[in-house]
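Peer 1: Take the sequences, apply the hints, and build the full model.
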Amino acid sequence: MSESLLRVDGIQTFYGPIQAVRGVSLDVAPGQIVTVLGANGAGKTTVLRTISGVLDPEHGQILFEGRNIASMPPDQVMKLGICHVPEGRETFPFLTVKENLMMGAYTRRDTAGINQDLELCYEYFPRLKERQHQRAGLLSGGEQQMMAISRALMGRPKLLLLDEPSLGLSPLLVQQIFGIIKRINQEQGVAILLVEQNAHIALKTAHFGYVLEVGRIVTADPCETLMQRADIQEFYLGQKEAGVRGQRRWKRKRLWQ
Amino acid sequence: MEDAARLLQLVVNGAAAGCIYGLIALGFVLIYKATEMVNFAQGDIMMLGGFLAFSLIAHWGLNYWVGALLAIVITAAFGYALDAVVLRRVIGQPQFAVVMLTLGLGFIFRAGAGITWGYDSVGFATPFTNKTVNLGGLVLGQDNVSIIVGTVILCGVLFTFFSKTRVGVAMQAASQNQLAAYYMGIPVRNIFSLIWAISAGVAAVAGILLSPVSMIDVNMGFLGIKAFAAAVIGGFGSIPGSLIGGVIVGIVEQLAGYYLPAGFQEVTSNVVLLAMLILRPQGLFAERMGKRV
Ligand SMILES: Nc1ncnc2c1ncn2[C@@H]1O[C@H](COP(=O)(O)OP(=O)(O)OP(=O)(O)O)[C@@H](O)[C@H]1O
Ligand SMILES: [Mg+2]
Chain G
1 MSESLLRVDG IQTFYGPIQA VRGVSLDVAP GQIVTVLGAN GAGKTTVLRT
51 ISGVLDPEHG QILFEGRNIA SMPPDQVMKL GICHVPEGRE TFPFLTVKEN
101 LMMGAYTRRD TAGINQDLEL CYEYFPRLKE RQHQRAGLLS GGEQQMMAIS
151 RALMGRPKLL LLDEPSLGLS PLLVQQIFGI IKRINQEQGV AILLVEQNAH
201 IALKTAHFGY VLEVGRIVTA DPCETLMQRA DIQEFYLGQK EAGVRGQRRW
251 KRKRLWQ
Chain P
1 MEDAARLLQL VVNGAAAGCI YGLIALGFVL IYKATEMVNF AQGDIMMLGG
51 FLAFSLIAHW GLNYWVGALL AIVITAAFGY ALDAVVLRRV IGQPQFAVVM
101 LTLGLGFIFR AGAGITWGYD SVGFATPFTN KTVNLGGLVL GQDNVSIIVG
151 TVILCGVLFT FFSKTRVGVA MQAASQNQLA AYYMGIPVRN IFSLIWAISA
201 GVAAVAGILL SPVSMIDVNM GFLGIKAFAA AVIGGFGSIP GSLIGGVIVG
251 IVEQLAGYYL PAGFQEVTSN VVLLAMLILR PQGLFAERMG KRV
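Protein sequence lines, in the order shown, are assigned to chains G and P.
Here my numbering is used: position 164 in the first sequence is 164, and no number is missing along the way.
Here my numbering is used: position 228 in the second sequence is 228, and no number is missing along the way.
These are calculated hints, taken from the structure and not from any lab test.
Since the structure is predicted, the reported quantities are computational estimates derived from the model, not experimental observations.
Please note: incorrect hints may appear among the correct ones.
[As the list claims (entries may be wrong)] Listed below are the simulated SDA-like cross-link pairs for lysine to any residue, each with C-alpha atoms no more than 20 Å apart in a straight line:
no., chain 1, residue 1, chain 2, residue 2
1, P, LYS164, G, GLU99
2, P, LYS164, G, THR107
3, G, LYS79, G, GLY31
4, G, LYS98, P, THR165
5, G, LYS98, P, LYS164
6, G, LYS79, P, THR160
7, G, LYS98, P, ASN190
8, P, LYS164, G, GLN132
9, G, LYS158, P, VAL167
10, P, LYS164, G, GLY31
11, P, LYS33, G, THR107
12, G, LYS79, P, ILE191
13, G, LYS98, P, GLN172
14, P, LYS164, G, PRO93
15, G, LYS79, P, ASN190
16, G, LYS79, P, PRO187
17, P, LYS33, G, THR111
18, P, LYS164, G, ARG109
19, P, LYS164, G, LYS79
20, G, LYS98, P, VAL167
21, P, LYS164, G, PHE94
22, P, LYS164, G, ARG131
Peer 2: In structure tokens:
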């Protein structure tokens, strides 16, 4: 496992006295798409924030290309090649689309490379090119998501952190955006850590999956395996089998440990 | 004709005073937009800038332009340090703590200035002192005209900086969405300190522009109260709004001083402010989309 790009090892993260992540470990290999599934409040966003340095873990290590980045500030983490597409897009509403994208390249100085990447983003999302001089706050939710992904790409990442890109989008748009996420992964060789509640699309897109529950990883398997598993089907893919509800949940939960 | 010329002169003088209010208000607004802190020491920073220029020009005998530039740079550096050392620590504390802190800083600055420069009014010669320009029969003091021209130039420079340079756009970005700025690897803390530096530098410019019109003294910072009114009138969050608010306050004040009985001039900024709060509480230039953090 020494070839992993990102190795998260037993991190614990707190919001003041509240512990949101209770010892999470996961690995992302170069070029791989890894997904973390979990219900509301499971701690998915917190895991991503801890990796990108916005939060510091109380315990545990985060190794990126072999370096411990657990206590680094976000600008340094980003310079190493980890870019974050935050939950809820987090645009700069009064800046234009183009200015938003250029902010994604704030830590870079190579003008030629930046312009090249800008064109690349416009190629993936032609809609953004049409809107490049419009204020970001006036974009639709889907366009904002496209912009948030592009803005992260402008940092020329080795690892892209995606926090619920499907949130609030129509099923058709979700299909389109995940298609492009897959293309970005294949064509640019960018590894992706994808956090999702939409397990269908996440498992279809990713190679490997983890399930997070109340701050802990409860299962880890390749996505094909996860898709076949009865407990995953039941809780995350919404395919119920016959049985008594309460009993069923309790049993399945034990199965994961 | 006599009356029209008189009125124009009053308007120009008022606009000049208003530009000073506007520049101080601009400092309020820049800092508020970025950090949601109101810096009540803004007027006192202007006072420090004025005294610094006095020392450099009248005392050390530097050329006016060199001394002025140096005073602006030093005041800006002081603003940067003020944020980096003191104010950064109170981010996230209740508003009340911030208000008390900046009010306290104002006291300290006034006391420090009194110890350093004394409590008497001082002044220094500028290229604009006691000169007039004749614009088609309208005779105006160069001091007032220089304030207006200086403010317009400064605004042009600031506008270009904020809209065209990488750091300037990053300042806007960090003010609009701090969390996202962190995610983009923008060094938000340094950016905020730089915003403090710009606000302090702008205050120093105001102090220097004001010096041919009025003497520099320890309590000149109290005109920050009128600047605060200007910022609120402009919508507290809008940069053009703060300047226009300043000019409105300045002009109304001049006209009131001339046409109304003595004593009215002092309260006009508050009257304008009250009227604005009743008629249009969000200010002239309230931004329609709320700030998202
Ligand atoms: N800023 C905060 N302060 C205090 N507690 C927080 C904060 N943000 C999150 N939490 C708590 O941490 C836990 C994990 O939150 P997190 O946002 O990581 O969940 P999530 O898995 O991303 O959920 P969702 O699917 O709803 O986005 C939750 O119990 C939440 O209440
Ligand atoms: Mg979340």
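Peer 1: Of the hints stated earlier, which fail here?
Peer 2: Result: hints 6, 7, 9, 10, 11, 17, 19 break, sorted rising.
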